[in-house]
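What follows is each chain in one-letter form.
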Amino acid sequence: MATFFGEVLSVYSRAVEEDDDDLDAENEDEQIHREIEEKREVHIAWCTEVAQSLEGSGSNKLQCSDLIIAVGPNAAGFLSAYVLNTESWDAVGHASLWNERSRGSSRQSIAPLPGEPACLFYRHRDNPAVLVCQSTCYIAEDQLFQWTEKVFGCLQKRGLSVMVLSDSPVAEYKTPDYLYGSAVPFLRSLKSSASKSQALCPALEQPNILTGLPAAVLSHCQVHQIPAVLYQCYTDVISPDSITMETYKPVLLCLSKLVKLEPCLSADVLRKFAIITEAQSNLYT
Amino acid sequence: MSYDRAITVFSPDGHLFQVDYAQEAVKKGSTAVGVRGKNVVVLGVEKKSVAKLQDDRTVRKICSLDNHVFMAFAGLTADARIIVNRARVECQSHRLTVEDPATVEYITRYISSIKQRYTQSNGRRPFGISSLIVGFDFDGTPHLYQTDPSGTYHAWKANAIGRSAKTVREFLEKNYKEEDMESDTDTIKLAIRALLEVVQSGGKNIELAIMKRDESMKILVQEEIEEYVTAIETEKEKAEKQKKKT
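If you're matching them up, the sequences are chains A and B in order. In this text, residue positions in the first sequence follow the UniProt record's numbering: the first is 1, and each later residue adds one. In this text, residue positions in the second sequence follow the UniProt record's numbering: the first is 1, and each later residue adds one.
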């Protein structure tokens with residue numbers, strides 16, 4: 001290195017590994033990285049029947065015409081109440097993963113307990129090409145790509161059509177106008193360019209964006225030209241709530257073309273899926 | 001810079017965001033409706049569902065401030081308790097100092113001043129409650145006032161606060177008739193009808209308090225409310241049959 005005073009200094013470059021001692025540290029680092037990667041790996045566990053049909057099919061893929069993904073407690077509750085409560089659905093698998101917010105899966109092979117945050121797959125008995133996924137656990141950013149690749153890796157791309165239902169707090173909704181209380185909760189939609197169907201609600205306005213699992217799924221569908229439509233429900237309630245779940249009702253129009261649905265639902269059934277926080281919370285009267 | 005963190009900061013477009021957000025807290029409380037009749041004032045509230053082991057006497061939305069004034073609130077329970085306590089003390093202080101019961105307007109103004117002070121103080125947040133204050137002055141005039149977290153108050157003939165306030169207010173605007181207010185029964189029925197628009201599972205989730213001139217506040221028992229509800233439903237059926245005939 002030449003200095004302003006005309007002398008030449010020899011400087012050690014940080015880019016070059018000079019000592020052999022560092023190799024052990026490097027190996028240790030690599031090992032730690034590997035362990036973390038393994039810990040954070042996303043595992044998709046299918047039931048024996050599905051696993052066998054996966055092996056049986058030449059391409060190791062499931063026939064699937066429609067995949068419905070629910071992300072968030074209200075979306076999952078809506079599907080549980082309106083779609084999955086008829087007896088014709090089988091639980092066919094679950095995704096297990098570990099991250100700082102979802103510590104569930106120290107027991108990967110065991111299916112999650114009911115009520116636990118989890119990622120569950122269901123298949124319709126009469127129409128096995130219809131799959132439903134309920135995701136109520138938090139999937140970290142670094143795991144989203146893995147989740148999407150692994151799930152879509154099991155499904156045949158041809159003829160696949162995806163619908164995503166997702167919850168979001170209304171505080172994240174950016175709009176120049178004031179939102180009156182009666183307008184909330186409400187739906188907004190977003191489609192992949194391959195989707196030709198008419199969305200049932202207005203499109204999500206700029207500068208609002210999607211994040212998390214819904215964004216990962218929609219991105220995947222856009223890249224792989226899979227027709228996908230997403231319905232985002234903006235709500236002002238933190239916990240699962242029957243009114244928010246009812247906001248998804250327009251979606252039933254599309255779903256009823258695929259599977260037979262419960263014709264009319266009493267409010268009591270919905271309330272069963274909504275957490276009864278009202279009685280416990282005395283914050284507001 | 002975020003303009004919604006410190007209460008004392010105006011945003012460039014003139015908003016006090018903390019006050020706006022406090023209004024949102026009010027919307028989390030269950031509905032309360034107030035109607036001012038000629039000879040009776042009525043406050044009706046949607047009863048909150050209590051946990052099994054909870055004593056429901058401690059979950060009251062309607063509180064009396066003095067013999068001639070009572071109020072209902074919507075929003076943060078703890079904030080309401082503070083306001084109610086201060087108002088009660090002020091009512092007695094007024095009686096002792098001036099030897100007259102406080103007018104409804106006086107106590108409303110007192111409550112609103114407290115609320116306003118908290119929108120202009122450093123390090124404090126606004127009260128997250130709106131209240132409906134009803135009663136009779138000593139000259140016999142009935143009053144209904146509404147206060148909100150910003151510290152403003154207005155007199156109303158009928159109003160609602162809380163969760164579905166907009167729906168109830170629209171109902172009241174459509175169905176309020178000046179001549180009905182002459183009758184105590186019709187005034188009470190209007191309050192109950194307004195609440196039935198938004199309350200789930202009918203009469204058993206309604207609590208109603210009335211005060212007639214020169215009488216103390218009376219909280220109606222469940223049977224009385226059910227009687228009114230039945231009468232309302234009968235009238236509704238009759239009206240529908242009449243409509244079908246014509």
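Just so you know, the hints here were simulated from the structure itself, not pulled from any lab data. Remember, predicted model here, so these are calculated numbers, not experimental data. The C-beta atom is built at its ideal place from N, Cα and C for all residues, glycine as well. Just to be clear, a hint being listed does not mean it is correct.
Unchecked claim - Label-pair distances were calculated between CB atoms; the ranges are:
{"no.": "1", "chain 1": "B", "residue 1": "N85", "chain 2": "A", "residue 2": "A91", "range": "50 to 58 Å"}
{"no.": "2", "chain 1": "B", "residue 1": "K238", "chain 2": "A", "residue 2": "K196", "range": "30 to 38 Å"}
{"no.": "3", "chain 1": "A", "residue 1": "S219", "chain 2": "B", "residue 2": "K238", "range": "33 to 41 Å"}
{"no.": "4", "chain 1": "A", "residue 1": "E87", "chain 2": "B", "residue 2": "K204", "range": "28 to 36 Å"}
Unchecked claim - When the alpha-carbon atoms are kept at most 16 Å apart in a straight line, the in silico EDC-like pairs for lysine to aspartate or glutamate are as follows:
{"no.": "5", "chain 1": "B", "residue 1": "K241", "chain 2": "B", "residue 2": "E197"}
{"no.": "6", "chain 1": "B", "residue 1": "K212", "chain 2": "B", "residue 2": "D184"}
{"no.": "7", "chain 1": "B", "residue 1": "K189", "chain 2": "B", "residue 2": "D214"}
{"no.": "8", "chain 1": "B", "residue 1": "K28", "chain 2": "A", "residue 2": "D236"}
{"no.": "9", "chain 1": "B", "residue 1": "K27", "chain 2": "A", "residue 2": "E141"}
{"no.": "10", "chain 1": "B", "residue 1": "K218", "chain 2": "B", "residue 2": "D184"}
Hint-by-hint comparison with the structure:
1. Roughly 54 Å separates the CB atoms of N85 (chain B) and A91 (chain A), a value that falls within the hinted 50 to 58 Å.
2. K238 (chain B) and K196 (chain A) have their C-beta atoms about 53 Å apart, which leaves the hinted 30 to 38 Å range violated.
3. For S219 (chain A) and K238 (chain B), the hinted distance range of 33 to 41 Å is not satisfied, since their beta carbons lie about 60 Å from each other.
4. Restraint check, E87 (chain A) to K204 (chain B): a C-beta distance of roughly 34 Å satisfies the suggested window 28 to 36 Å.
5. At roughly 20 Å between alpha-carbon atoms, K241 (chain B) and E197 (chain B) are farther apart than 16 Å, so this suggested pair is violated.
6. Restraint check for K212 (chain B) and D184 (chain B): the C-alpha separation of about 8 Å stays at or below 16 Å, so the hint holds.
7. For the given pair, K189 (chain B) sits about 21 Å from D214 (chain B) by alpha-carbon distance, which is inconsistent with the 16 Å threshold.
8. For the suggested pair K28 (chain B) and D236 (chain A), the alpha carbons sit about 10 Å apart, so the restraint of at most 16 Å is met.
9. Taking the CA atoms of K27 (chain B) and E141 (chain A), the gap is near 34 Å; set against the 16 Å cutoff, the hint is violated.
10. With a C-alpha separation of about 13 Å, the suggested pair K218 (chain B) and D184 (chain B) falls inside the 16 Å cut-off, and the hint holds.
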